[in-house]
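Peer 1: Spelled out from the first residue to the last, the chains are:
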Amino acid sequence: MSEIREELRYSEEHEWASPPAAQGRVVRIGITDHAQSQLGDIVFVELPSVGAAVYAGESIGAIESVKTVSELYSPVTGKVVRVNDGLLDHPERVNESPYEEGWIAEVELDAEADEALGGLLTAQQYGELTK
Amino acid sequence: MNANREKALIFEMSKPGRVAYSLPDCDVPEAAPASVIPERLLRAKPAALPEVYEVDVIRHYTELSRRNFGVDNGFYPLGSCTMKYNPKLNEDAARLPGFAKIHPYQPETSLQGAMELLYTLQRDLAALTGMDQVTLQPAAGAHGEWTGLMLIRAYHERRGERRTKVIVPDSSHGTNPSSATVAGFETITIPSDAQGLVDLEALRAAVGDDTAALMLTNPNTLGRFEAQIDEIAGIVHAAGGLLYYDGANSNAIMGIARPGDMGFDVVHLNLHKTMSTPHGGGGPGAGPVGVKSRLIPFLPKPIVERRGDGTYYWDEDRPLSIGRVKPYYGNFGILVRAYAYIRSYGPAGLRRVSECAVLNANYMMHRLAPYYEVAYPGVCKHEFVLSGKRLRAFGVRTLDVAKRLLDFGYHPPTIYFPLNVEECIMIEPTETESKETLDGFIDVMIQIAREAEDDPNLLLQAPHTTIVKRLDEATAARRPVLYCNCE
Numbered sequence: 001m002s003e004i005r006e007e008l009r010y011s012e013e014h015e016w017a018s019p020p021a022a023q024g025r026v027v028r029i030g031i032t033d034h035a036q037s038q039l040g041d042i043v044f045v046e047l048p049s050v051g052a053a054v055y056a057g058e059s060i061g062a063i064e065s066v067k068t069v070s071e072l073y074s075p076v077t078g079k080v081v082r083v084n085d086g087l088l089d090h091p092e093r094v095n096e097s098p099y100e101e102g103w104i105a106e107v108e109l110d111a112e113a114d115e116a117l118g119g120l121l122t123a124q125q126y127g128e129l130t131k
Numbered sequence: 001m002n003a004n005r006e007k008a009l010i011f012e013m014s015k016p017g018r019v020a021y022s023l024p025d026c027d028v029p030e031a032a033p034a035s036v037i038p039e040r041l042l043r044a045k046p047a048a049l050p051e052v053y054e055v056d057v058i059r060h061y062t063e064l065s066r067r068n069f070g071v072d073n074g075f076y077p078l079g080s081c082t083m084k085y086n087p088k089l090n091e092d093a094a095r096l097p098g099f100a101k102i103h104p105y106q107p108e109t110s111l112q113g114a115m116e117l118l119y120t121l122q123r124d125l126a127a128l129t130g131m132d133q134v135t136l137q138p139a140a141g142a143h144g145e146w147t148g149l150m151l152i153r154a155y156h157e158r159r160g161e162r163r164t165k166v167i168v169p170d171s172s173h174g175t176n177p178s179s180a181t182v183a184g185f186e187t188i189t190i191p192s193d194a195q196g197l198v199d200l201e202a203l204r205a206a207v208g209d210d211t212a213a214l215m216l217t218n219p220n221t222l223g224r225f226e227a228q229i230d231e232i233a234g235i236v237h238a239a240g241g242l243l244y245y246d247g248a249n250s251n252a253i254m255g256i257a258r259p260g261d262m263g264f265d266v267v268h269l270n271l272h273k274t275m276s277t278p279h280g281g282g283g284p285g286a287g288p289v290g291v292k293s294r295l296i297p298f299l300p301k302p303i304v305e306r307r308g309d310g311t312y313y314w315d316e317d318r319p320l321s322i323g324r325v326k327p328y329y330g331n332f333g334i335l336v337r338a339y340a341y342i343r344s345y346g347p348a349g350l351r352r353v354s355e356c357a358v359l360n361a362n363y364m365m366h367r368l369a370p371y372y373e374v375a376y377p378g379v380c381k382h383e384f385v386l387s388g389k390r391l392r393a394f395g396v397r398t399l400d401v402a403k404r405l406l407d408f409g410y411h412p413p414t415i416y417f418p419l420n421v422e423e424c425i426m427i428e429p430t431e432t433e434s435k436e437t438l439d440g441f442i443d444v445m446i447q448i449a450r451e452a453e454d455d456p457n458l459l460l461q462a463p464h465t466t467i468v469k470r471l472d473e474a475t476a477a478r479r480p481v482l483y484c485n486c487e
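Chains as they are written, first to last, in the UniProt record's numbering: chain A, 1 to 131; chain B, 1 to 487.
Just so you know, these hints were derived from the structure itself, not from any lab.
Glycine included, each C-beta is placed from N, C-alpha and C at the ideal position.
Among the hints, a few may not be true.
Among the chain A residues that face chain B by a calculated CB cut under 8 Å, a handful are [said to hold, decoys possible]:
#: 1; residue: V43
#: 2; residue: V66
#: 3; residue: K67
#: 4; residue: P91
#: 5; residue: E92
#: 6; residue: E96
#: 7; residue: S97
What follows is a set of in silico ranges between Cβ atoms, one per label pair, in the way DEER data are often shown [stated by the list, open to error]:
#: 8; chain 1: B; residue 1: R294; chain 2: A; residue 2: E58; range: 46 to 54 Å
#: 9; chain 1: B; residue 1: D230; chain 2: A; residue 2: G127; range: 36 to 44 Å
#: 10; chain 1: A; residue 1: G57; chain 2: B; residue 2: G113; range: 53 to 61 Å
#: 11; chain 1: A; residue 1: A62; chain 2: B; residue 2: E116; range: 47 to 55 Å
Here are a few chain A residues that sit away from chain B, every Cβ distance over 10 Å (derived from the structure) [stated by the list, open to error]:
#: 12; residue: S2
#: 13; residue: E6
#: 14; residue: P20
#: 15; residue: Q38
#: 16; residue: D41
#: 17; residue: F44
#: 18; residue: P48
#: 19; residue: V50
#: 20; residue: G61
#: 21; residue: E64
#: 22; residue: D110
#: 23; residue: D114
#: 24; residue: Q125
#: 25; residue: E128
#: 26; residue: K131
Pulled out of the complex, with its shape left as it was, chain A reads as follows:
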């Protein structure tokens, strides 16, 4: 069974977003454990640029595995403030640790966090989707 974390929010495209610290607007995003297991060994991650505007549901990069190349979609709308550069040399971190070491980017939300994350799936709903 793939791991689903209670505190995160999920998109139907198998990305996660972590709610920001109190009062904050910066969320961390990545792909789910289910997604990395479906993709197989990941060999390259094309990251978005810092400063880029991203929109929920739109492509911000790509993930290449030994099997396939998949689009990477942003679960939220905002501006990229940081990316996980370490993935360029160590794409395997997305496989090994999709929720920690394998995070993809940090996005400063355009809207309030409650509003931006409200449309995403809860852990329970995402669990239903991937059952």
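Guided by the hints, dock chain B onto chain A, whose structure is given.
Peer 2: Leaving out everything else, chain B in the frame of chain A:
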């Protein structure tokens, strides 16, 4: 034996002073390189060419050639690729001096036989696909797709319409969105319905006054026939778009159904699939494109035409043409092979080819269904898609099944494509295989399904009998070593 060890590179066999050639004495005055070639173009040190004896060169390359696998070695059920046997009669025809020893710069009058062949092939392919005219220039399938899309673009532009979007189903060949992008279009992907067919509602929602074309293959990549093709064509045409037929799956419908009758406006065929010309490293390919009359003015030039007196000429007077898409007239030697194939089978024979291709696929699907889940059950056409997801319970994936097949001397089927089927295995037997060959492969697939339950490690560590064992694909992609350190 030599054949079972890792092979040294020819560079690693090099010993100073060994040569594999003997040149005659030079019978012209020798000139120093620096006296005839500009200094900046001269090497500072000699090229590091391998120094080996002739016998070692011959043994080295002969041994490598024995490691090739092709349809002449064994069964090659690579779904979507139609790896059929290449009849040797085709090779005889292509080697006739009147075809093999001509040059494209010869005058037309001395090329009449070759031009008649091209003209007749254009007509045959038009008849087979239900199109009005054909260009033989494109060198391969994706080249044909790009050519067809450029024709579609020229057509819309000539009408003063700006149409920027090409629609593809999610089961489409990866080349479809790629070709559309290279031709300057934006691609829209629409989902398949529960039967693996085009979702008509999604199509209706996707079309609009910016739709340039829908690219479709029928039967589709799942081996299913798009029975609602009339309605699909109606939706796209009503929006002002055109229908593009990817001919990769033509082996299922020859002499039975024609894209032109289904409403398609542009078709490409892969002669290296459907018409039995060499494929998969043995090419080159050929991807002729057929069009309905309203697109004829835009076809690449020249087209071979026939005069009233029965002689043939290159029609270069085509002002709306998108231009040449390949030097000369396509891969001529391949066109000769395809012509030989079409003419040796004839219309009834080609229909029989498709009937047997479909029969073989259904037979295999039926026998394998108890062991591997059929992705979209029902009668298939020339190929079918299985899912290996049942085996995941034993820690085994489709990749491991494919690797295990190598131990039995089979080329594995296509895996992990189409993308909309989990742990996908896509099998296309073609019409050219005997029942014994099909049964042999099926029995091995059944044995492998049992091994997955009883001894999964056998699969996880496969292949066991090949010269090169399981490759570490992830490390090869993450940290590739791209040079040989032969110093």
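Peer 1: For each hint, tell me whether it holds in the structure or not.
Peer 2: These are the hints, each one checked on the structure:
no.: 1; hint: V43; in the structure: holds, 4 Å
no.: 2; hint: V66; in the structure: holds, 4 Å
no.: 3; hint: K67; in the structure: holds, 5 Å
no.: 4; hint: P91; in the structure: holds, 6 Å
no.: 5; hint: E92; in the structure: holds, 7 Å
no.: 6; hint: E96; in the structure: violated, 12 Å
no.: 7; hint: S97; in the structure: violated, 16 Å
no.: 8; hint: R294/B to E58/A: 46 to 54 Å; in the structure: violated, 37 Å
no.: 9; hint: D230/B to G127/A: 36 to 44 Å; in the structure: holds, 42 Å
no.: 10; hint: G57/A to G113/B: 53 to 61 Å; in the structure: holds, 60 Å
no.: 11; hint: A62/A to E116/B: 47 to 55 Å; in the structure: holds, 50 Å
no.: 12; hint: S2; in the structure: holds, 12 Å
no.: 13; hint: E6; in the structure: holds, 26 Å
no.: 14; hint: P20; in the structure: holds, 32 Å
no.: 15; hint: Q38; in the structure: violated, 8 Å
no.: 16; hint: D41; in the structure: violated, 4 Å
no.: 17; hint: F44; in the structure: violated, 7 Å
no.: 18; hint: P48; in the structure: holds, 20 Å
no.: 19; hint: V50; in the structure: holds, 24 Å
no.: 20; hint: G61; in the structure: holds, 17 Å
no.: 21; hint: E64; in the structure: violated, 8 Å
no.: 22; hint: D110; in the structure: holds, 25 Å
no.: 23; hint: D114; in the structure: holds, 31 Å
no.: 24; hint: Q125; in the structure: holds, 21 Å
no.: 25; hint: E128; in the structure: holds, 18 Å
no.: 26; hint: K131; in the structure: holds, 14 Å
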